[in-house]
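S.K.: Read top to bottom, the protein sequences are chains A and B. Following numbering that gives the first Met the number 0, the numbering of the first sequence begins with 0 at its first residue and continues without gaps. Following numbering that gives the first Met the number 0, the numbering of the second sequence begins with 0 at its first residue and continues without gaps.
Source of the hints: derived by calculation from the structure; they are not laboratory data. A portion of the hints provided could be inaccurate.
As the list claims (entries may be wrong) - Partial list, derived from the structure: chain A residues whose beta carbon lies under 10 Å from chain B:
no.: 1; residue: L30
no.: 2; residue: S31
no.: 3; residue: A50
no.: 4; residue: S52
no.: 5; residue: W139
no.: 6; residue: R141
no.: 7; residue: L142
no.: 8; residue: G205
no.: 9; residue: N206
no.: 10; residue: V341
Said to hold, decoys possible - From the structure, some residues in chain B lie toward chain A, with a derived Cβ separation under 7 Å:
no.: 11; residue: E16
no.: 12; residue: A38
no.: 13; residue: T41
no.: 14; residue: L46
no.: 15; residue: I105
no.: 16; residue: A108
no.: 17; residue: E111
no.: 18; residue: D169
no.: 19; residue: K171
no.: 20; residue: C351
Please read all numbers here as calculations on a predicted model, not as lab measurements. From the three backbone atoms N, C-alpha and C, an ideal C-beta is built for every residue, glycine too.
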Amino acid sequence: MSATPTRAQIRARDDRLFLVLTIVVGIAAGLSAVLFSLSIDATSRYLFGLAPSGARLFLVPVGVSLLTGVLLAKVVPGVRGSGVPQTKAAFQLSGGVIPLRVPLGKFLTGVLCVGSGQSMGREGPSVQIGAGLASVIGRWLRLSPRRVHDLVPVGSAGALAAAFNTPVAAVLFTLEEIIGDLNAALIGSTVLASVASVVVMRSLLGNEPLFHVPTYELVHPGELAAYAVLGVAGGGLSLLFSKGLLRTRAYFLSLPERSRIVQPVAGGVAMGLLLLVTPAVMGVGYEYVDQALNSGLLARTMIGLCLLKLVATIVAYSSGNAGGIFAPSLYLGAMLGGAIGVAVNTYAPLLGITTGEPGAYALVGMGALFAGIIRAPMTSVFMIFEITQDYQILVPLMVANLLSYLISRRYQPVAVYDALLRQDGVHLPHYTTKAVVGVRTARDFMQEEPGTLTAPPPVHVHPDHVVDVVLERFRQSNGRLAVVSRTDAHVKLGVITLASLMSYVQPQAEEKGSGVMTDS
Amino acid sequence: MASRGSLGPYLDGFRLEIVKLVALIAITSAAFVGTRALANRTIAVGLEDAAEWHERGHDALNDGEVGPAIEAFRRAVAKDRENKAYGVSLADALAIDGQSVQAERILLALRENEPEDPGINLDLARLAANRSDVPTALRYYQSALYAPPEDEDVPRQIRLELIRFLLQHDQKERALSELIAAVDDLGEETWRRVLVANLLLEAGDPPRALEQFEAVLADERDNRDASAGAGRAAFELGDYAATVRHLEAGGDAPELADMRETARLVLARDPLAPRIGASERRRRLADNFAHVSMRLEACVPEGSPPPPEIAGLAQDIGELERQVARTPGDPDLVEDGVALAHRAELLLGARCGGTSDPLDRALVLIGERRLGGES
Chain A
0 MSATPTRAQI RARDDRLFLV LTIVVGIAAG LSAVLFSLSI DATSRYLFGL APSGARLFLV
60 PVGVSLLTGV LLAKVVPGVR GSGVPQTKAA FQLSGGVIPL RVPLGKFLTG VLCVGSGQSM
120 GREGPSVQIG AGLASVIGRW LRLSPRRVHD LVPVGSAGAL AAAFNTPVAA VLFTLEEIIG
180 DLNAALIGST VLASVASVVV MRSLLGNEPL FHVPTYELVH PGELAAYAVL GVAGGGLSLL
240 FSKGLLRTRA YFLSLPERSR IVQPVAGGVA MGLLLLVTPA VMGVGYEYVD QALNSGLLAR
300 TMIGLCLLKL VATIVAYSSG NAGGIFAPSL YLGAMLGGAI GVAVNTYAPL LGITTGEPGA
360 YALVGMGALF AGIIRAPMTS VFMIFEITQD YQILVPLMVA NLLSYLISRR YQPVAVYDAL
420 LRQDGVHLPH YTTKAVVGVR TARDFMQEEP GTLTAPPPVH VHPDHVVDVV LERFRQSNGR
480 LAVVSRTDAH VKLGVITLAS LMSYVQPQAE EKGSGVMTDS
Chain B
0 MASRGSLGPY LDGFRLEIVK LVALIAITSA AFVGTRALAN RTIAVGLEDA AEWHERGHDA
60 LNDGEVGPAI EAFRRAVAKD RENKAYGVSL ADALAIDGQS VQAERILLAL RENEPEDPGI
120 NLDLARLAAN RSDVPTALRY YQSALYAPPE DEDVPRQIRL ELIRFLLQHD QKERALSELI
180 AAVDDLGEET WRRVLVANLL LEAGDPPRAL EQFEAVLADE RDNRDASAGA GRAAFELGDY
240 AATVRHLEAG GDAPELADMR ETARLVLARD PLAPRIGASE RRRRLADNFA HVSMRLEACV
300 PEGSPPPPEI AGLAQDIGEL ERQVARTPGD PDLVEDGVAL AHRAELLLGA RCGGTSDPLD
360 RALVLIGERR LGGES
C-alpha cells in the first residue's frame, strides 16, 4: 500500500495548517495592537511631557503633521484615516491582498498622528494593521488566494479584540462590518483569533477592562423614556458627526492633488488651537470617558468636551491624518450621555422618578453613538456588555442603540465607512450580491501573481466578478486572464488559467465521487 | 494510485510552509518578549506620572488652588485607576470646591470595589453630614467604623467624629451609646480621654464624664483641661465643693471663673447647708432676701407702681422676715425662705432678664438643690 496521500488528506492537512495559522495570526494581530497602543502612549508622553506648556500643546501637532503629511501623501497614501474602510475594500474587492507597506505605514503614521494629539482612535488603525499582517503572512506562506482572503478578517478580529479587550465584540464587528455577514463561514477562525489575541493582550497588560465602570441598572421603568431620548439625541449627534465628517472630507478632497501633502497640517493647526482650549480632547481621550462613566464630570464640562471633540475629530480625520473614529464615537457618546444623565438625575426626582447615576447614561450614550456612527448595533451592545460585565443595563442600551441606529440610517442611508470609500471612488458590492449562496467569483479561481501594470490589460476581471463573467472573459483571453484590483486597475492581483479553473472545479467533482485521487 | 511524482511539488511546498510557520512562531515569540518589555516600561512610567500628578495636586491644594488640584488629581486617577488614594484625593478636592455631588459619585464608584474601606466610607459620611443627611451619614459612619481597621487608631478617630456629628444633630442617646463604646477603647492618649469625657458631658452624662476626668487627674494631677472638665461635670452634678476644688486648679477662662464663683456662692449662701448653726442660717437667709429685695426694686421702673407679682413677692418676703424674727428657731421658715428667694429669682429672670451676677444664679441653684425642682 502506498503512503502517498490523497488530495482529501492533503486538504485536511491544509485545513490544520490554516487552523494553526489562525492562532498565530491572532497572536500576531494582538501583539501588533498592543504594541501600537503602547507606542502611541510612549510617543505622546515623549512629545508632550508630563505637563506641556501652551506652546508645546500647539506646536507638537503642527510639527508632527508636517512629517505625517509627507508620509501620507508620498510614501503610504493608502493608510489615511481609519483603516476599517480600506480593510473592507481589501477583503471584498482585492482578494484580501494588502501590501506590507500598508500595516507598516499605518503603524508609523498612526503612532505619530494619535501620539501627537490628533483627536482620533487607535482601534481602526489596529484593524488595518492586524488585517495587513494577516494578509502578508498568508502570502509569505504561499497560501491559496482564498486562504489569504480568509485571513484578513481573522487578523481584523484579533487586532480589535486586543485593542478593546472585548473578544466577542471583535468577532461581531468583523462579521458585521468587515465580512458583512453574521452567518459567515469564518466565524470559527475569527473566534479563535480573537481568543488568542485577548490571551496575549491580557498576559501583557493584565485583565483590566478598557473602562472601570460601577454596576449600573435600570432603576425605574420610567427611565426608559429618558434612555429613548438619549437614543434620539445619539442618533442626531451621529448624523451631525457623519455628515460633518463627510462634507469636510469632501472639501479637502476637492482641493488640488498637490495640496494633499499639507492637508494634515490643517488638522494639526486646528488640533493645536483646540488643545490650547483644553487638552482633554487630545488623542484617544479614554481617561475622560472613564470619568464620565464614573459620573465624575459636570454637565457643562461634558457638553463642552462633546462639542470640541466633534470639531477636533472631524478636522483631524478629514484633513487626511491616520487614525480611527471608534474612540471619538465612544467619547462623544459618553459625554452626550453623561450630560443627559445629569439632567435626568436633577429633574426626574421632581416627577417622583428615581434614576440611575449619570454614568449609566454615559455608558448607554457610548453604545448609542457607536451604533449610530459605526452602524454595528450588535457589536455595540456586546461591546458595552463586555466592558461592564453587567446584564442589567442591556435593556436601556438596546433601546437607545436601536433608536440611534434607525435615525442615523434614515437620514444617512450609506454608512460612514462605505461613504468614505465612495468618496475615494470605491464601491463595495451590495450586500444582496454577497448573500447569494454558492456564487463563485474570480477570487476562487485566481492564482496569486501580484504586480503593477503600466496599463490595465484589455481583457481582465476583478476579484469579485462571478463565475459567468470569468468564463466569458476567459474565452476572450489568451489563456491567462488577468485579475486586477477594483480600486486600481494598475494593481494586478493574479491570473486565471485553465489549470487554475480546473483545479478548483475538479476537486468538487471528485469529492462527490470516490474521494481518492488517481494518476490517470 | 497516485504517484509521489505528481504530488512532490505540493508536498515540498507544504514542508516549506511548515518551516516558514515555525519561523513565524519564532518571530512572534520574539515580538512578544519585546512588547512585554515595552509594556512594563510604559506601565511603570504611567505609575510614576500618576504619583507625580498626585503630589502636584496636593501642592496645589496646599496653595489654595483647588481648580488645578482637581485637574492634577484627575490626571493621577487617569494614569493609575487602581490607586484608591488618588480617587479619594480627587473626591476630597471636589468636595472642597463645592462639587459634592461629583465627589460623592467618585467615592461611590470607589466603594463599589471596596465597600468596607474606612476612608471612602468616612468621606461619604462627611459629605452626607455636610448636607445634614443624618441617616445616610450614620450609615457610612457605621460602615467606616466597623470595617476591619489597618490601624487601631483609625476607628477611634472615626468614632469620635461620629459622636460629634450625633451631638451636632441632637442625637444624644445614640451619641451616648457610642461614647460608652469609646470609653472601653480609649487607648493611652490623655487628650483622647479628656475629649471623650468632654463629649460625655456634652451628651448629658456628667457622672461618667466626671469619672473620666478624675481618672485622668489620677494619672496627671496637673492636667488643666481635665481639671476644668471635672469642675464643669461636678457643677452639672451639683457637687459645688468639687467644682470649686477642680476649677481652682484649671479654671482661668472667664466662663469657668464665673462657674467657680457661682459654686462658691452656692456653698456660702445656702441657708440649708449642713453643719451650720441656726443663726448662720438666718443670716444667710437675710442676706439672700436683701439681695432679692434690691433686685425687685431695681426691676420696677422709677416713678411707676410695681406690678402685682413683684408687689406680692415683696410683701411675702417682708412677711417671712417678720415670721423669722418672731420664731427664729423654726426650720420650716428657712426652707420657705429658700423657696421664696428661688421664686423671686425666677420671676426676676422672666420679667427683667437674667443678670451676669453669679449670686443670682447661685440663689436659683440653691433653690433647685434644696427643693428638688418643685418650684
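S.K.: Each hint: holds or not?
M.R.: Each hint tested on the structure:
For L30(A), the suggested interface contact is upheld, since its CB lies about 5 Å from the closest CB of chain B, less than 10 Å. At about 8 Å, the closest approach between the beta carbon of S31(A) and any beta carbon in chain B falls short of 10 Å, and the interface hint on this residue holds. Interface hint status for A50(A): upheld, as the beta-carbon distance to the closest one in chain B is roughly 8 Å, under 10 Å. A least Cβ separation of about 15 Å between S52(A) and chain B goes past the 10 Å threshold, and the interface hint is therefore violated.
The beta carbon of W139(A) is positioned within 10 Å of a beta carbon in chain B (closest approach about 6 Å), and the interface hint is therefore held. Interface restraint check: R141(A) against chain B, minimum CB-CB distance 6 Å, threshold 10 Å, status holds. Taking 10 Å as the C-beta cut-off, the interface hint given for L142(A) holds, the closest approach to chain B being about 8 Å. The restraint placing G205(A) at the interface with chain B holds, with a minimum CB-CB distance near 9 Å, inside the 10 Å limit.
Because the closest C-beta pair between N206(A) and chain B is about 12 Å apart, greater than 10 Å, the hint is violated. Given the 10 Å rule on beta carbons, the hint for V341(A) holds: about 9 Å separates it from the nearest Cβ of chain B. Interface hint status for E16(B): upheld, as the beta-carbon distance to the closest one in chain A is roughly 5 Å, under 7 Å. Nearest Cβ of chain A to the Cβ of A38(B): about 5 Å, under the 7 Å cut. The hint holds.
Interface hint status for T41(B): upheld, as the beta-carbon distance to the closest one in chain A is roughly 5 Å, under 7 Å. For L46(B), the shortest C-beta to C-beta distance to chain A is roughly 12 Å, which exceeds 7 Å, and the interface hint is violated. This hint holds: I105(B) has a C-beta 5 Å from the nearest C-beta of chain A, less than the 7 Å allowed. The beta carbon of A108(B) is positioned within 7 Å of a beta carbon in chain A (closest approach about 4 Å), and the interface hint is therefore held.
Using the Cβ-Cβ criterion of 7 Å, the hint placing E111(B) at the interface with chain A is satisfied: the shortest such distance is roughly 4 Å. Taking 7 Å as the C-beta cut-off, the interface hint given for D169(B) is violated, the closest approach to chain A being about 27 Å. For K171(B), the interface hint is violated, the least distance from its beta-carbon to any beta-carbon of chain A being 32 Å, above 7 Å. Given hint, C351(B) at the interface with chain A, is violated; its Cβ is 52 Å from that chain's nearest Cβ, farther than 7 Å.
Violated hints, listed in ascending order, are 4, 9, 14, 18, 19 and 20; each of the other numbered hints is respected by the structure.
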